[in-house]
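With these hints in hand, go ahead and build the complete structure from the sequences.
If you're matching them up, the sequences are chains A and B in order.
Each residue of the first sequence is one higher than the last, beginning at 1 in my numbering.
Each residue of the second sequence is one higher than the last, beginning at 1001 in my numbering.
Heads up, some of the hints might be wrong.
[As the list claims (entries may be wrong)] Below, in silico cross-link-like pairs of lysine to aspartate or glutamate (DMTMM-like), each with a Cα-Cα straight-line distance of 20 Å or less:
1. K195(A) x D1233(B)
2. K1311(B) x E1410(B)
3. K227(A) x E1358(B)
4. K1147(B) x E1358(B)
5. K1382(B) x E120(A)
6. K199(A) x E1490(B)
7. K1456(B) x E1533(B)
8. K195(A) x D1555(B)
9. K122(A) x D71(A)
10. K227(A) x E1535(B)
11. K1292(B) x D1506(B)
12. K39(A) x D212(A)
13. K1357(B) x D212(A)
[What the hints assert, rightly or not] Computed spacing ranges between beta-carbons, pair by pair:
14. P1275(B) x L43(A): 46 to 52 Å
15. T1518(B) x L43(A): 30 to 36 Å
16. T37(A) x K1450(B): 27 to 33 Å
17. K1316(B) x P79(A): 48 to 54 Å
18. F1011(B) x Q91(A): 49 to 55 Å
19. T78(A) x Q1071(B): 47 to 53 Å
[Stated by the list, open to error] Here's a subset of chain A near chain B, in silico, CB distances under 8 Å, partners left out:
20. L105
21. R107
22. G119
23. V138
24. A143
25. V224
Because the hints were derived from the structure by calculation, they are not lab data.
Here the structure is a predicted model, which is why all the values come from computation and not from measurement.
We put the CB at the ideal spot given by N, CA and C, even for glycine.
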Amino acid sequence: MVGGKQLVKYLQISLLLLLLLLWGSLNPAFAGMIKGTVKVKGLRSPANILVYLTKAPTFSSDLSGAKVVMDQNRLTFTPHVLPVLVGTTVQFPNNDKVDHNVFSLSRTKKFSLGSYKPGEIKTVLFDKPGIVELRCDVHAEMAAYILVMRNPYWARTDEKGRFQIPNSDELKNLGILGIEALPPGKYFLKTWHEKLKSKRTTVIVEKDGDIDLQLDLTRGTPSVLYK
Amino acid sequence: MTGKKFIFMAFALFIIFLIIVIIREPSSAQNSGKKYKGAVLQGRVLSPYGPVENARVRVAGEEGYALTDKQGRYVLQAAHPPAARLRVTAGKEGYFNNGQIGGRSGNVGDISLNPVFLNDRSDYRFISPVTCAQCHVKLSQYWDRSKMAHTTSNPKVLDMFYGTDAFNRPGIGPGYRLDNPKSNGNCVTCHAPSVAASSPWSQDLKTALQPNRAEWDGISCDYCHKIRKVISDKSKPSGMTAVLERQASTRGPSILVFGPYDDVVVPPMAATYNPVFNQGKFCSLCHSHYEKIGKSGNWDPGQVYSDSERKGFALKDNTFLPIQTTYQEWKQWQDQLSPDDPNKGKKCQDCHMSWRKEMLPYDNYVVEGMARNMWASYRSPKNIRPHHFDGGTETQLKTALSMEVEGEIEERRLKLNVFITNTNGGHWVPTGEPMRSVMLLLRVFDSNNKPLKMIKGSRLPEWAGVGKVEAGNYAGLPGAVFAKVLQDKEGNLHVPFWKATRIASDSRIRPKDTLTLTFEFAMDDPEDEPTAEAELIYRPVIIPWAKKKNWPVKDISITSSAW
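So, in structure tokens, the structure goes:
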């Protein structure tokens, strides 16, 4: 006969196994990250270069709680480049001392928020992947990019040009949770920076760990996000 | 009095007290402490002829204002809390601005507006910009750095007038004087308007700056701020003319000025509110140029412009050539917008007199130094127009147009669509002088950097430059050019406006419009991944003219895009 204490122990072990099974089915064969460094010629800093996967495993994410902001202050959009996941709603607060009129005539997303006063906030849903060039109707110097990404596997380089995909810290800020690593497979990795020629390379993530890459970029015209 | 009656009366008095408090200060509870409720000010605006209706009344420097009724009365909800001395001002077109001090009670003494008696004097001597710069230091600096300040001495303008080159060598066309040796033309009307206003409007450009009484280079402060009205006048190149009111000091040493402020009531200025300063119409004085060609014209406007464009340019027949139409381009764009369009109401001043990053931090005054301490009104930066008049510059052009490239490979063909949008121009791009152009350059190559052969699509014309590509010669390359092309009766293209008899073509990009250009390139290997790079370049002077005149080719790269 199995004693009461043993029964509890068996149940605990079974529950643990069940949980492990469930974890496994939800996160199939996660293997690692793509890490690396970007070196650039012709730019002062290798920071803020977007490195991303053009195709990636399917995922699901609830973006309703995400607070993604493109600020307007001192005649500047901040950040200058904002990657977001398709389906994200971005807030456009006017924290300046003059009226602004944010708009885009990009084919990815056409909108015009009209002139609005300091202190007001307007929002836009970005529902199609691609590049959105932001402008202000009355301040010619104001320009920024919203990069609407198909999948959450992207990273922005730090001041030393380093990156890792996925970058769970950045994704958390955008309200995207639960993406810690990539499953094994073959991926196409690409770069985007407004002053650098885009580079595309193939990366194979094996079952047993992370990948380390070095990318050399030169000044030029960036390509579209997705062909 | 019994105890019950006493309690009842005390209660009734308390209720009445409460009601009075609520009526007098409905939100005093909310606003107590840090935030004060704005003052409510009331009074009348009168003139020697009686009450003034529709005068604009405000606390000096504040954004909000009230309009007076038929009796000249106003009730003004100010943003400023009640204070012992609030400067309440009033202004109306045709009157000198004036003001009164309002106190805590909210009652303001009658403000009397004196009419501007018309007494324009052609012998008036325009004030030097240096005088204005003593108080308006920053505004004058911005203006002095602009092209507006140096339109008379602009070397290209002088070369085009006299037929000289960059080294001042004579006899190098195009040159107005080479073709019209005995004529002074009408250049001074816009390039030296104070000269044109004070003496005959047809004058030699160079001597315009050397008369026995000095005038000032360019469009100077005092010239613009002496404009009382802008009216149509078919005798002028733009079809419009400024009605000036040139008067010497009318109030002691005060300077008569017209401007957009209705609240400037301080002694140095005898200021009068004039709404035209905040209207696109003001710019029509010079940013418009028609040439009458009479019956010698053999062109068909219908072949170049749509019905609505012809209407916008007021081209009823082919006896006029629209040389420069920046104002009309803006106006017809605005006229066709629906009332709820976010762009409705955008004016020239909104973009060409807006804040620039280099000017930050924002200023709250339009005067500096002692003048600020003595007379200035604290203003929102929204209510200040920096006089930089930026246009045709890198800053302005970088965001004027945008471009996207889309590609598709079908068997051994790469099909490309290039989308070019006039994103930020409130007029066609390029605008103004027809010697300006915008070029699209398309470079397509395979993965080994070998150029692909174009099998369908347009190429840049000969006037994009024949010669080395590195020197800016792009003729024959895949791409397109956007420009207005003038033609003479012999069929020569790109002639100066005084020789033109027709508009051969006008491919400039209309406001907020997107053009789609299609190209096809042959691919040797259908599995290859080719790259297409597109660049938009602004060229201020077409290269054949630049070469003749020895002017440097100063192209500005607007934007680029790749697929």
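Do the hints match the structure? See the list:
A C-alpha spacing of about 49 Å is found between K195(A) and D1233(B), which places the hinted pair above 20 Å, so the restraint is violated. With a C-alpha separation of about 44 Å, the suggested pairing of K1311(B) with E1410(B) is violated against the 20 Å cut-off. At roughly 38 Å between alpha-carbon atoms, K227(A) and E1358(B) are farther apart than 20 Å, so this suggested pair is violated. Straight-line distance between C-alpha atoms of K1147(B) and E1358(B) comes to about 18 Å, which keeps the hinted pair within the 20 Å bound.
Of the supplied pair hints, the one linking K1382(B) and E120(A) holds, its CA atoms being roughly 15 Å apart against a limit of 20 Å. Annotation: proposed proximity of K199(A) to E1490(B) is violated, straight-line Cα distance about 52 Å (limit 20 Å). As the CA atoms of K1456(B) and E1533(B) are separated by approximately 16 Å, the hinted pair is consistent with the 20 Å bound. Straight-line distance between C-alpha atoms of K195(A) and D1555(B) comes to about 19 Å, which keeps the hinted pair within the 20 Å bound.
A C-alpha spacing of about 11 Å is found between K122(A) and D71(A), which places the hinted pair at or below 20 Å, so the restraint holds. At most 20 Å may separate the alpha-carbon atoms for a hinted pair to count; K227(A) and E1535(B) meet this at roughly 19 Å. Between K1292(B) and D1506(B) the CA atoms are separated by roughly 19 Å; this keeps the pair inside 20 Å, and the hint holds. With a CA separation close to 14 Å, the supplied pair K39(A) and D212(A) stays within the 20 Å bound.
The hinted pair formed by K1357(B) and D212(A) fails the criterion: a straight-line CA distance of about 41 Å is larger than 20 Å. The hinted window of 46 to 52 Å between P1275(B) and L43(A) holds, with their beta carbons roughly 48 Å apart. Separated by about 34 Å at the C-beta atoms, T1518(B) and L43(A) satisfy the suggested range of 30 to 36 Å. Look at T37(A) against K1450(B): about 31 Å separates their beta carbons, and that is inside 27 to 33 Å.
Separation of K1316(B) from P79(A) is about 52 Å and conforms to the stated range, judged on CB atoms against 48 to 54 Å. Our hint of 49 to 55 Å for F1011(B) and Q91(A) holds, since their Cβ atoms are close to 52 Å apart. Between T78(A) and Q1071(B) the Cβ separation comes to about 51 Å, which falls inside the hinted range of 47 to 53 Å. Proximity of L105(A) to chain B holds as hinted, the smallest CB-CB distance being about 5 Å (cut-off 8 Å).
At about 6 Å, the closest approach between the beta carbon of R107(A) and any beta carbon in chain B falls short of 8 Å, and the interface hint on this residue holds. Given hint, G119(A) at the interface with chain B, is violated; its Cβ is 12 Å from that chain's nearest Cβ, farther than 8 Å. For V138(A), the interface hint holds, since its Cβ comes within 8 Å of a Cβ in chain B; the closest pair sits about 5 Å apart. Annotation: interface hint on A143(A) holds; nearest CB of chain B at approximately 5 Å, less than 8 Å.
Checking V224(A) against chain B by beta carbon gives a least distance of about 6 Å; that is within 8 Å, so the hint holds.
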